[in-house]
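Asks: Spelled out from the first residue to the last, the chains are:
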Amino acid sequence: MNRLHRFFRTPEAIAGALILALLVAMALAASLLFPGDPQAIAGPALLPPFQDWSLPLGTDRLGRDVLAELFHGARTSLAVGLAAAAAALLIGTVVGTLAGFAGGLIDEVLMRITDAFQTVPGFLLALAFVSIVGPSLGVVVVAIALSAWTGPARVARAEVLSIRERDYVAGARVIGMHPIAIAFREVLPNALPPVLALSSVIVAAAILTEAALSFLGLGDPNRVTWGGMIAEGRTVLRTAPYLSIVPGIALVLTVLGVYLAGEGVVESSAVRRSLS
Amino acid sequence: MSLLTVSNLAKRYRRRGRPFPAVDDVSFEVNPAETLALAGPSGSGKSTIARLVLRLIEPDAGSIEFEGADFLALSGAALRTRRARLQMVFQDPLAAFNPRATVARVLDDPLRIHGLASRTERPRRIAALLERVGLETGLAGRAIHEISGGQRQRVAIARAIATKPSLIVLDEAVSALDVSVRGQILELLLDLQRQERIAYLFISHDLGVIRAVAHRVVILEAGRIAESGDARAVIANPQSAIGKALVAATPRLHGNTAS
Numbered sequence: 044m045n046r047l048h049r050f051f052r053t054p055e056a057i058a059g060a061l062i063l064a065l066l067v068a069m070a071l072a073a074s075l076l077f078p079g080d081p082q083a084i085a086g087p088a089l090l091p092p093f094q095d096w097s098l099p100l101g102t103d104r105l106g107r108d109v110l111a112e113l114f115h116g117a118r119t120s121l122a123v124g125l126a127a128a129a130a131a132l133l134i135g136t137v138v139g140t141l142a143g144f145a146g147g148l149i150d151e152v153l154m155r156i157t158d159a160f161q162t163v164p165g166f167l168l169a170l171a172f173v174s175i176v177g178p179s180l181g182v183v184v185v186a187i188a189l190s191a192w193t194g195p196a197r198v199a200r201a202e203v204l205s206i207r208e209r210d211y212v213a214g215a216r217v218i219g220m221h222p223i224a225i226a227f228r229e230v231l232p233n234a235l236p237p238v239l240a241l242s243s244v245i246v247a248a249a250i251l252t253e254a255a256l257s258f259l260g261l262g263d264p265n266r267v268t269w270g271g272m273i274a275e276g277r278t279v280l281r282t283a284p285y286l287s288i289v290p291g292i293a294l295v296l297t298v299l300g301v302y303l304a305g306e307g308v309v310e311s312s313a314v315r316r317s318l319s
Numbered sequence: 099m100s101l102l103t104v105s106n107l108a109k110r111y112r113r114r115g116r117p118f119p120a121v122d123d124v125s126f127e128v129n130p131a132e133t134l135a136l137a138g139p140s141g142s143g144k145s146t147i148a149r150l151v152l153r154l155i156e157p158d159a160g161s162i163e164f165e166g167a168d169f170l171a172l173s174g175a176a177l178r179t180r181r182a183r184l185q186m187v188f189q190d191p192l193a194a195f196n197p198r199a200t201v202a203r204v205l206d207d208p209l210r211i212h213g214l215a216s217r218t219e220r221p222r223r224i225a226a227l228l229e230r231v232g233l234e235t236g237l238a239g240r241a242i243h244e245i246s247g248g249q250r251q252r253v254a255i256a257r258a259i260a261t262k263p264s265l266i267v268l269d270e271a272v273s274a275l276d277v278s279v280r281g282q283i284l285e286l287l288l289d290l291q292r293q294e295r296i297a298y299l300f301i302s303h304d305l306g307v308i309r310a311v312a313h314r315v316v317i318l319e320a321g322r323i324a325e326s327g328d329a330r331a332v333i334a335n336p337q338s339a340i341g342k343a344l345v346a347a348t349p350r351l352h353g354n355t356a357s
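Line order of the protein sequences matches chains A and B.
For the working numbering, count along the first sequence from 1 and bump the result up by 43.
For the working numbering, count along the second sequence from 1 and bump the result up by 98.
Only chain B is shown next, with the shape it has when bound in the complex:
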């Protein structure tokens, strides 16, 4: 049974007074411990889908089923409780944290809100989380703006796994990082998936990264699904015009399908 089932999802914005479909009749599912990538150019609706799935914005139509329950029917305290199972990592790790926060506070919040550890127990849990994502425990006392971009994204991942979620939405989570750090973060994500059986909804415009981490891929264009399927197969032999264009625009893939 699938973990997340999105059916006929639609969201319209108004642009210059006219309704403009950001997401139009999109359906897909994510299985446990699987990585589904959403690919597409800017404005194809990738991030809107991420925000819809996380209930940060409300859809105009469609349904979202998460862990066997209607996710759109939840509200208030029930929704906040269920949010523990569905986490997110943002693109810009600096913007994703309160500029006044320390590393410890960022990791303390989810533990406190969901009652996962008592006050006296939390510092140990925070240290364990930092170790799990490959950071020194001494970093806990630092302010968010004092640590590097790669460390910050590791803290973001630590916050996402603090509540033991079954699904993490990664919205361009490695796009803002430089290449060497990007590889380490992807390794960490793969390792977490193997050990904790976490599923990822991996949003990216970079097909090279997608081929490295995703099992399946959905290619979007102007809010609609252009094609979908096994990540390696789709990237090796795209059928849609937009799929071909995306592959052609990725130098590492172009003319190098043998690897």
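Chain A extracted, bound-state conformation:
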């Protein structure tokens, strides 16, 4: 496991991996440690943190357990972040590969569509989409993916444009390989690493967008989200700032962890690329 070894060489990558591991553990343990409904009332309202050890992080305006909400919120953030990034990478890679490999009119049409999506601010697009279709977890994922696929599409197209001129693509044509097989067997796998390097940025942006949508009340109303918790706390910001600060810190740490781990992956794969 040479690759893994290289990944854990930098302290940034280790810190990122630890934060992500903690986040995943929180998401997985949420229903074990806090089996009930996290939105149920658990104690007196507005209990400050570290007062009652059965409610370590206190309670919110309605008396809900903040720690339970934090754990269940990790689940939402992680699910939305990963699903949206996966969808964005998939759409972007397929569009970029087709555009770069086909060239000509297909390239023009696909890239103008990409331009159109890119000129609309991503958050506005997500906001408009969720307001029209209605808030639910799936819609939020689609809304975020809709604004995030253009980056991977551009990177994939640029990579494909350079790879399709390589000798091994000419070699595949000489042995009579079908163009579709060349695009997806010879070109795409070699175009992927720089596209995947974008994934940490996209996951982090997706988590933030989801939080912002929830903050504006456009998140899935049946799920606890960190953005929603911050929005809840806003009304009592002067008297109980911890209600906004605690999920805020969780959000900052998560985004930081995703970035750091992403950097680590890019670093370790950069070494591998320069060797081969």
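Because the hints were derived from the structure by calculation, they are not lab data.
Take the hints with a grain of salt, since some may be wrong.
To be verified - Below are the SDA-like pairs computed for lysine to any residue, each with C-alpha atoms no more than 20 Å apart in a straight line:
1. B/Lys262 <-> A/Gly219
2. B/Lys262 <-> A/Ala213
3. B/Lys262 <-> A/Arg216
What the hints assert, rightly or not - One side only, chain A facing chain B, incomplete, derived with CB under 8 Å:
4. Ala145
5. Asp210
6. Arg216
7. Gly219
8. His221
Unchecked claim - Here chain A is said to cover these stretches of chain B; the calculated rule only asks that three of the stretch's residues, wherever they fall, bring their Cβ under 8 Å from a Cβ of chain A:
9. 192 to 198
10. 205 to 215
For every residue, glycine included, the Cβ atom is placed at its ideal position computed from N, Cα and C.
With chain A fixed as given, assemble chain B onto it according to the hints.
Replies: Chain B alone, transformed into the frame defined by chain A:
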């Protein structure tokens, strides 16, 4: 009857907005089991001709007849099927293979694409191909980047002969190899030609190598044919200015025409 007939081939590129003739009115033919060398300095259009003959790029004018049929008229599946008979070996054996490929996969592709062997039969065919080019069959499981440059070029030759072609285009196929390996690869190519009656279109800037392997030579300058003829005769007594310059630039030939 000739195997490959190229007539009045032309290809223009645009360089700084101006049309620039890369290949200009080039005609030649290759007979079965014969080696025709294309020689010339950098930018003389050698590699462009190779890519035109292989239909990797399309010519602006001219015709290419291969195995008695109009090669330029083919497209789609018909072209892909015919490609089995016309193969290529590239200069840089590392760039010529997918960096993720293994030796087995590289040799499996042509057999699978042209339906030359069933799935269960292919490993045996791959081993036979490796043996034919002088490699150990145990190399099949290795990644392309794990083997040496000379081994890689042997794999490239194995891939080229997998589909039993009648013509192989060798684009500077031995130029990137060191001298001792170069001799072995040339021996292998000559041996394959004798046994399988394969014709070669041998592209090189090295007249020493050309004299060793080619029957006839075509010397190119700026996309046009400067002179052509029997390889030994042309190299011993070049008529064109560019032919003389190429011979003078090859130390092993200069002042040593007696061998």
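Asks: Against each hint, give a clear statement of whether it holds in the structure.
Replies: Hints versus structure:
no.	hint	result
1	B/Lys262 <-> A/Gly219	holds, 13 Å
2	B/Lys262 <-> A/Ala213	holds, 19 Å
3	B/Lys262 <-> A/Arg216	holds, 17 Å
4	Ala145	violated, 15 Å
5	Asp210	holds, 4 Å
6	Arg216	holds, 6 Å
7	Gly219	holds, 4 Å
8	His221	holds, 7 Å
9	192 to 198	holds (count 6)
10	205 to 215	holds (count 4)
Figure legend: structure checked against the earlier numbered hints; the only hint not met is number 4.
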